[in-house]
Amino acid sequence: KQEVTQIPAALSVPEGENLVLNCSFTDSAIYNLQWFRQDPGKGLTSLLLIQSSQREQTSGRLNASLDKSSGRSTLYIAASQPGDSATYLCAHSYYGQNFVFGPGTRLSVLP
Amino acid sequence: GAVVSQHPSWVICKSGTSVKIECRSLDFQATTMFWYRQFPKQSLMLMATSNEGSKATYEQGVEKDKFLINHASLTLSTLTVTSAHPEDSSFYICSASWRLEAGELFFGEGSRLTVL
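Heads up: the sequence lines are chains A and B, in that order. Here this note's numbering is used: the first residue of the first sequence is 1, the next is one more, and so on. Here this note's numbering is used: the first residue of the second sequence is 1, the next is one more, and so on.
The hints are all genuine.
Derived DMTMM-like pairs (lysine to aspartate or glutamate); straight-line CA-CA distance at most 25 Å: (1) A/Lys42 - B/Glu22; (2) A/Lys42 - B/Asp88; (3) A/Lys42 - B/Glu109; (4) A/Lys42 - A/Asp84; (5) B/Lys14 - B/Glu87; (6) B/Lys41 - A/Asp39; (7) B/Lys41 - A/Glu15; (8) B/Lys41 - A/Asp84; (9) B/Lys41 - A/Glu3; (10) B/Lys64 - B/Glu52; (11) B/Lys55 - B/Asp27; (12) B/Lys14 - B/Glu109.
Output of the computed footprint for chain B on chain A, the stretches with three or more beta carbons under 8 Å from beta carbons of chain B: (13) 39 to 49; (14) 86 to 99; (15) 102 to 108.
If you want the ones that stay clear, here's a sample from chain A, every Cβ over 10 Å from chain B, calculated: (16) Glu56; (17) Ala79; (18) Pro82.
In short, the hints are calculated from the structure, not lab data. Every residue gets a Cβ at the ideal spot worked out from N, C-alpha and C, and that includes glycine.
Pulled out of the complex, with its shape left as it was, chain B reads as follows (with noise of 0.2 Å):
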């Protein structure tokens, strides 16, 4: 199947520092890419979608300013969380697809972050 890597894996930051996650397509080109949160012991909630070369579109309580989402490529998607705070420690995962009709939607490893 498609790989999508995500980097980093795993990530500590001090409260009030910016972290950026990277989502990348590594054999095939990815026209939509999604972010999702994961809390322990819980399932995946879409944070935003993004698509190549325009805007992400943010899900009903996303804070936009706070998730900065940009899909400059085919293959690369990044997350940032600025000015991070405890509570936006979580897993985070990114997936990617060029054909999302058909189903076909790979995940990256996920990657946890830790506010200090």
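Bound conformation, chain A alone (with noise of 0.2 Å):
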């Protein structure tokens, strides 16, 4: 079964910290993976997506990594701001396949 798993569940910082957000699966052949954001009563808007043959992508002050081989992912987010303040979920997929999510990390940044 596949399983994904993130963690802190919660996370609390003050602005302009940098902050690092894990992400662990347990099957390193996955094929995509991706990291979303979510307000708190809306959809899921795509922040990064690394694809099969990438270890990381990058934007703005937002930085993913994929670790195949020990089944992890981070997201890292520099300075952060009280608008970074949301849940953020990771998921995977298999090609051609639909995305397993992880239980998301809450995050708040404080002003």
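Fit the two chains together into the complex; they arrive one by one in their own frames, and the hints show the way.
Here you go:
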């Protein structure tokens, strides 16, 4: 059974801190890994997609890395801002299949 | 990015009635659409996968007769919750893709259903 875990479950930091969110999965044969953001009561917004042949992706203050052999991905957020407060979900997929989601990390960035 | 629209964004209904939720891909043709259910502070649970023109594939434990899914066109899928009961109250989210192997999956804004 595919399983995705995320640590920590919740995180509260002061504005300006750099932080790391962790995602672990049990099957190293995954194809894609994607990080999403979900605001309360809203749908999901894709942040970064790491495709099969890639090891990391960057977008602005966000950097995501993928190590399939160890079954881990990390999302690095630099210089956090209150607007970054949301739930961050990681999800992986096999080729041509649906994504399997982790439980998420609820992030609060305090002004 | 591509836009997926969900309607309604929230709905309240009486127990025993049926509710239909629409999911539309506005600027692309979605060969595959997915329906998820999300309980408070929990992750997304896949309910079913629908491909245009064919019957939906339901995940284990999801009642096919309770949650009717139709994907009649490349831009529209509907989820009908039949004879809704309070335990069906939840947040329902759809997603759509035209190139799933590339990981391109776009989500609607979700629909909050409350059954009284």
